[in-house]
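Trainee: So the protein sequences, as listed, match chains A and B.
Residue 36 in the UniProt record's numbering sits at position 36 of the first sequence, and the numbers go up by one each step.
Residue 77 in the UniProt record's numbering sits at position 77 of the second sequence, and the numbers go up by one each step.
Derived from the structure by calculation, the hints contain no laboratory data.
Do not rely on the hints blindly, as some may be mistaken.
No copy labels: a pair is met if it fits in one copy or bridges any two.
Said to hold, decoys possible - Pairs of lysine to any residue residues, derived as SDA-like cross-links and limited to a Cα-Cα distance of at most 20 Å, are as follows: (1) K73 <-> Y37; (2) K63 <-> R192; (3) K122 <-> S132; (4) K122 <-> V133; (5) K63 <-> T128; (6) K121 <-> E143; (7) K122 <-> R139; (8) K121 <-> L131; (9) K73 <-> R94; (10) K122 <-> A176; (11) K122 <-> E195; (12) K121 <-> R139; (13) K73 <-> P110.
Protein chains: 2
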Amino acid sequence: MTDAQNPSQETAVAPVKPAMRDALIAAAFQLFLDRGYEQTTIDDIVSLAGVGRRSFFRYFPSKEDVVFPDHEKCLADMTDFLQASEDGDDPVARVCDAARLVLRMYAENPTFSVQRYRLTKKVPGLRTYELSVVWRYERTLAEYLRARFSARRDGTLRADVIAAAVVAAHNHALRAWLRADGQGDAAAEMDRALEYVTSAWTSKQAPSGAAEEQDDVVIVITKRSTPMWRVVRDVEAGLGQD
Amino acid sequence: MTDAQNPSQETAVAPVKPAMRDALIAAAFQLFLDRGYEQTTIDDIVSLAGVGRRSFFRYFPSKEDVVFPDHEKCLADMTDFLQASEDGDDPVARVCDAARLVLRMYAENPTFSVQRYRLTKKVPGLRTYELSVVWRYERTLAEYLRARFSARRDGTLRADVIAAAVVAAHNHALRAWLRADGQGDAAAEMDRALEYVTSAWTSKQAPSGAAEEQDDVVIVITKRSTPMWRVVRDVEAGLGQD
Numbered sequence: 001m002t003d004a005q006n007p008s009q010e011t012a013v014a015p016v017k018p019a020m021r022d023a024l025i026a027a028a029f030q031l032f033l034d035r036g037y038e039q040t041t042i043d044d045i046v047s048l049a050g051v052g053r054r055s056f057f058r059y060f061p062s063k064e065d066v067v068f069p070d071h072e073k074c075l076a077d078m079t080d081f082l083q084a085s086e087d088g089d090d091p092v093a094r095v096c097d098a099a100r101l102v103l104r105m106y107a108e109n110p111t112f113s114v115q116r117y118r119l120t121k122k123v124p125g126l127r128t129y130e131l132s133v134v135w136r137y138e139r140t141l142a143e144y145l146r147a148r149f150s151a152r153r154d155g156t157l158r159a160d161v162i163a164a165a166v167v168a169a170h171n172h173a174l175r176a177w178l179r180a181d182g183q184g185d186a187a188a189e190m191d192r193a194l195e196y197v198t199s200a201w202t203s204k205q206a207p208s209g210a211a212e213e214q215d216d217v218v219i220v221i222t223k224r225s226t227p228m229w230r231v232v233r234d235v236e237a238g239l240g241q242d
Numbered sequence: 001m002t003d004a005q006n007p008s009q010e011t012a013v014a015p016v017k018p019a020m021r022d023a024l025i026a027a028a029f030q031l032f033l034d035r036g037y038e039q040t041t042i043d044d045i046v047s048l049a050g051v052g053r054r055s056f057f058r059y060f061p062s063k064e065d066v067v068f069p070d071h072e073k074c075l076a077d078m079t080d081f082l083q084a085s086e087d088g089d090d091p092v093a094r095v096c097d098a099a100r101l102v103l104r105m106y107a108e109n110p111t112f113s114v115q116r117y118r119l120t121k122k123v124p125g126l127r128t129y130e131l132s133v134v135w136r137y138e139r140t141l142a143e144y145l146r147a148r149f150s151a152r153r154d155g156t157l158r159a160d161v162i163a164a165a166v167v168a169a170h171n172h173a174l175r176a177w178l179r180a181d182g183q184g185d186a187a188a189e190m191d192r193a194l195e196y197v198t199s200a201w202t203s204k205q206a207p208s209g210a211a212e213e214q215d216d217v218v219i220v221i222t223k224r225s226t227p228m229w230r231v232v233r234d235v236e237a238g239l240g241q242d
């Protein structure tokens, strides 16, 4: 049945019929891999999937969108996850956890993710599309951080830079996993990459001259000209020995 | 004269005739501002500039490229600048200086830069184009850092994250200046933004327990369980007092 034959019924059915969406994705990827992305038309896809052209556009605004079918949902999940954040949550840890949602989406279907990675590398238009998706993730993280850092004079700068660093670390680990054909422990690699970002900023919360407490590490930042007695006092304060 | 009338002569003349390129840019922006980007065709642009269609494509691959006429040269300048780096140069400071080349390009022509900023905000296609340009800058910085950090186990991660953070800080300061209609001290704002990035990483060069020297700041990272005599020794070493 195509939507052209019975559009009203299909409109009503579509939301509870993800199978058609999945069939379109499967048909699209079969054709992209067999004959190439540029050589595949939307008509080819709907023909193989056995549906009408309008069904395609009900699920996907363009041919590019069928390549990245899960990003809209993942962006919505990320927004929900950040909105559920509480004031006590560490904001940088929270955006790292939000970024992990993207990895999880890729890791749920390694074969598909690796196929898409190879396809995207070959088609400049898909690479551009992916950049705009990455940008939307980055803005989602940055908006959350801007709200959390709103009391700081440098809040928006801090938010933008940390969001970019988190996205870069995430993509570094994700691409390593994709290049390894989806083999290996993606989550562990991701932890390592995100830890690099969090460690860069958790040490910089303290203003110059102050000591900051952490789980088991104390960091003292001091001017070279500071007298030693004062450095020792700051270190003692940091170690909780004063 | 149009290239259709005398293509061979114009091909020979083009490299020493930047006036035609400038005329095309000026005509394009006049039309973009008057009637809108989408409503302006390449035919409109060449007609107003008084040149032939092929002249346009000699200078610009597409209508989008005429909006960002200087990025190719700026990318080439950035690559040259990074290649001229010496082993003694601090790699993070070098990529910050490389990013400043982009600001300088914008600041050389504030009116044009502000016009383009407003245009880009309104046209999604230009925003996407800009994202791909930003990505090329980021990759240029990251490739340089990867080479500089090649001896480190986490070199590529570090390179990617720092490049992204530098680009985010740069764009934060650049956008603030553009939003302020090109008023204010863009270079000072840029220094402040990039300083935020460099300060995040210059403190993390040292492994836990070690002291690191900087111009006038000493940072000591120590475990909470470290005896005070050892902390003092490390601080003294950092201050050059041992």
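Trainee: Tell me, which hint numbers fail for this structure?
Mentor: Violated hints (numbers, rising): 1, 2, 11; every other hint is consistent with the structure.
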